[in-house]
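Undergrad: Listed here are the chains, written in short residue letters.
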Amino acid sequence: MKTLLKIFEWATLRIERGAKERNHPVYKPYTNGIIAKEPTSLVEEMTEIRRSGSNRDLDGAFEMSDIFYFCRRGLESIVDDEVTKRFSAEELESWNLLTRSNYNFQHISTRLTVLWGLGVFIRYGFLLPLRVTLAFTGVSCLVVLTTLVGYLPSGRVKNFLSETAHLMCYRICVRALTAIITYHHSENKPKNGGICVANHTSPIDVIILASDGCYAMVGQTHGGLMGFIQRAMVRACPHIWFERSEVKDRHLVAKRLSDHVQDKSKLPILIFPEGTCINNTSVMMFKKGSFEIGCTVYPVAIKYDPRFGEAFWNSSKYGMVNYLLRMMSSWAIVCSVWYLPPMSREEGEDAVQFANRVKAAIARQGGLVDMLWDGGLKRGKVKDTFKEEQQKLYSKILVGTQEDRSRS
Amino acid sequence: PLWCDKVLLRASRRVEIAYFSHSQITRLYSRFHSLDKGENGALSREDFQRIPELAINPLGDRIINAFFPEGEDQVNFRGFMRTLAHFRPVEDNEKSKGHDASEPLNSRNNKLLFAFRLYDLDRDDKISRDELLQVLRMMVGVNISDEQLGSIADRTIQEADTNGDMSISFSEFIKVLEKVDVEQKMSIRFLH
Chain A
381 MKTLLKIFEW
391 ATLRIERGAK
401 ERNHPVYKPY
411 TNGIIAKEPT
421 SLVEEMTEIR
431 RSGSNRDLDG
441 AFEMSDIFYF
451 CRRGLESIVD
461 DEVTKRFSAE
471 ELESWNLLTR
481 SNYNFQHIST
491 RLTVLWGLGV
501 FIRYGFLLPL
511 RVTLAFTGVS
521 CLVVLTTLVG
531 YLPSGRVKNF
541 LSETAHLMCY
551 RICVRALTAI
561 ITYHHSENKP
571 KNGGICVANH
581 TSPIDVIILA
591 SDGCYAMVGQ
601 THGGLMGFIQ
611 RAMVRACPHI
621 WFERSEVKDR
631 HLVAKRLSDH
641 VQDKSKLPIL
651 IFPEGTCINN
661 TSVMMFKKGS
671 FEIGCTVYPV
681 AIKYDPRFGE
691 AFWNSSKYGM
701 VNYLLRMMSS
711 WAIVCSVWYL
721 PPMSREEGED
731 AVQFANRVKA
741 AIARQGGLVD
751 MLWDGGLKRG
761 KVKDTFKEEQ
771 QKLYSKILVG
781 TQEDRSRS
Chain B
17 PLWCDKVLLR
27 ASRRVEIAYF
37 SHSQITRLYS
47 RFHSLDKGEN
57 GALSREDFQR
67 IPELAINPLG
77 DRIINAFFPE
87 GEDQVNFRGF
97 MRTLAHFRPV
107 EDNEKSKGHD
117 ASEPLNSRNN
127 KLLFAFRLYD
137 LDRDDKISRD
147 ELLQVLRMMV
157 GVNISDEQLG
167 SIADRTIQEA
177 DTNGDMSISF
187 SEFIKVLEKV
197 DVEQKMSIRF
207 LH
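Quick mapping for you: the protein sequence lines, in order, are chains A and B. The opening position of the first sequence corresponds to residue 381 in our numbering, with each subsequent residue numbered one higher. The opening position of the second sequence corresponds to residue 17 in our numbering, with each subsequent residue numbered one higher.
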């Protein structure tokens with residue numbers, strides 16, 4: 381693996397050198413962003429503008445220069461905002477010999493092209509067929525074995541066999557992706573009667589976690605092949621599949637989840653509270669539903685190394701099959717999984733605060749940016765409440781100080 | 017890549033290139049491209065509104081408007097850069113010297129004109145009481161009554177209006193803001 385990394389670095393340097401020789405503009409990803417943003421708040425900046433503009437202090441009158449703050453903030457967000465970039469794949473600093481992650485791909489040198497060609501041959505000619513075969517094997521084994529186990533009467537033997545079957549099949553799937561996973565702090569692995577929460581980057585997260593421990597899955601019932609697999613799995617051990625109509629009913633969902641965790645013989649539930657795939661540079665808002673149930677939460681942080689293969693699933697750009705093919709024709713999927721110590725809701729803490737506390741812990745461990753924005757912004761519009769907050773804050777500046785003066 | 021080269025060749029004949037370095041233009045084009053969901057080489061108002069931080073900005077709609085020339089619904093990359101050029105810091109003007117005699121887009125005057133146009137929706141070069149009220153209402157939402165807002169507007173016009181026409185002209189606007197550090201407040205620090 382280290383040799384592969386060295387080759388990648390050499391490839392990047394070669395491209396840059398070749399580009400300079402021809403005076404071509406090289407597209408370099410700027411990990412620091414395009415602009416330097418001022419971190420001042422609304423109040424701080426308004427005070428500054430007014431103090432420089434007139435002799436009066438913040439005395440509550442309107443100044444025509446007040447729009448400067450909103451204007452600049454608006455322009456800054458047009459050039460570079462924190463949210464929209466989380467929904468597309470992260471840019472790499474050095475090229476990893478995959479055309480999909482390179483914006484400068486032109487013929488720079490014969491050696492480089494040969495190396496790239498060799499890479500393509502290895503990946504598509506050798507690795508891909510091998511992996512596809514393994515994937516088929518893994519999935520069919522899962523279906524067959526779980527159906528067989530399902531015929532057994534409930535009891536310790538059934539549970540043991542079910543766990544073994546699940547683990548084995550997931551491990552085959554992991555090999556099918558050549559996922560190189562490092563597990564940290566396995567002593568904190570989720571136990572029965574709890575909920576496991578993790579940050580979501582792709583459907584592969586499920587396979588990665590399930591190959592190291594047994595979980596009860598939560599999800600919508602699908603038709604076709606997925607539905608077939610779901611029905612087979614549920615025969616061996618209880619998973620929680622919802623009908624599409626039931627998903628809208630939050631009380632029903634909460635009840636089924638809490639019933640499951642109260643039964644200590646059932647496996648811990650695996651939930652991704654972000655609700656959608658994020659590109660693994662940040663953790664977005666956790667939906668509070670899973671945190672209202674009132675049981676122990678086992679946070680897990682998953683961080684992928686994008687140099688060997690980009691794991692993020694951009695569902696608006698690529699369908700599932702396309703995504704899986706890309707996964708299987710990358711070099712490898714390398715990731716680290718950290719099992720964090722269990723957390724419970726504290727006295728006087730509501731579900732949202734608890735969710736934020738868990739989110740902060742996961743972000744800290746995985747080296748991700750902790751964000752308050754909702755992952756649902758990938759497809760939906762932002763709520764007006766945020767705008768109203770800003771308007772309220774500004775209104776306070778306009779008239780607030782007058783009230784203070786009349787009170788004193 | 018091919019798309020970048022074509023645009024850069026065209027852009028290099030334009031004046032906007034004086035405001036941004038080669039690498040900044042590349043980066044801005046990449047940003048433009050990522051906002052352009054329809055992939056037709058131009059941005060619509062919806063493309064801007066998809067940016068959450070802009071959608072929650074009280075003056076978001078006015079700012080988006082500033083990108084679109086009179087009566088048009090699409091802005092191309094040149095127009096995009098042109099509007100952003102207003103926010104280049106003033107001290108970086110060595111590049112634009114010697115290009116033409118007219119004032120650079122990011123001069124203090126042009127920055128103030130940009131702000132003036134945020135108020136002056138009908139482009140009649142005057143900020144009327146109504147136009148001022150509209151902007152005030154956008155910034156305060158529902159938190160201040162009509163009467164209070166009206167008196168704030170009246171007082172502002174009274175203080176600024178020197179020729180008694182009950183509206184604020186551009187020169188009156190400049191006079192009111194003469195002590196404000198416009199260069200710093202209406203500038204964005206571009207990296208590299």
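A portion of the hints provided could be inaccurate.
Claimed, not checked - Computed from the model, here is a short list of chain B residues facing chain A with C-beta under 7 Å:
#1 L70
#2 N73
#3 G95
#4 P105
#5 L134
#6 L137
#7 L149
#8 V156
#9 N159
#10 I168
#11 I190
#12 V192
#13 V196
#14 R205
To be verified - With a Cα cut of at most 20 Å, we get these calculated PhoX-like pairs of lysine-lysine:
#15 B:K53 x A:K465
#16 A:K761 x B:K53
#17 A:K758 x B:K53
#18 A:K697 x B:K53
Because the hints were derived from the structure by calculation, they are not lab data. All residues carry an ideal CB built from backbone N, CA and C; glycine is no exception.
Undergrad: For the hint on L134 of chain B, does the least C-beta distance to chain A fall short of 7 Å?
TA: holds, 6 Å
Undergrad: Using 7 Å as the Cβ threshold, decide whether I190 of chain B counts as touching chain A.
TA: violated, 11 Å
Undergrad: Going by Cβ atoms only, is L149 of chain B closer than 7 Å to chain A?
TA: Violated. Min distance 11 Å.
Undergrad: Should the hint that V192 of chain B touches chain A count as held when the rule is a Cβ pair under 7 Å?
TA: holds, 6 Å
Undergrad: Can we keep the L137 of chain B interface hint, with Cβ of chain A closer than 7 Å?
TA: violated, 13 Å
Undergrad: Is K697 of chain A close enough to K53 of chain B, meaning Cα to Cα at most 20 Å?
TA: Since the Cα atoms of K697 of chain A and K53 of chain B sit roughly 11 Å apart, the hinted pair holds (cutoff 20 Å).
Undergrad: At a threshold of 7 Å, is the proposed contact between P105 of chain B and chain A supported by beta-carbon distances?
TA: Violated. Min distance 11 Å.
Undergrad: Return the status of the interface hint for N73 of chain B: holds when the least beta-carbon distance to chain A is below 7 Å, violated otherwise.
TA: At about 5 Å, which falls below the 7 Å cut-off, the nearest Cβ of chain A leaves the hint on N73 of chain B intact, so it holds.
Undergrad: For the restraint on G95 of chain B, tell me whether the closest CB of chain A is nearer than 7 Å.
TA: violated, 13 Å
Undergrad: Is the shortest C-beta separation between L70 of chain B and chain A less than 7 Å?
TA: Holds: closest Cβ of chain A sits about 5 Å from L70 of chain B, inside 7 Å.
Undergrad: Regarding the hint that I168 of chain B lies at the interface with chain A, is the smallest CB-CB distance below 7 Å?
TA: holds, 5 Å
Undergrad: Measuring from the C-beta of V196 of chain B to each C-beta in chain A, is the shortest one below 7 Å?
TA: Result: holds, 4 Å to nearest chain A Cβ.
Hints 3, 4, 6, 7, 11 from the list above are not met by this structure, while the remaining hints are.
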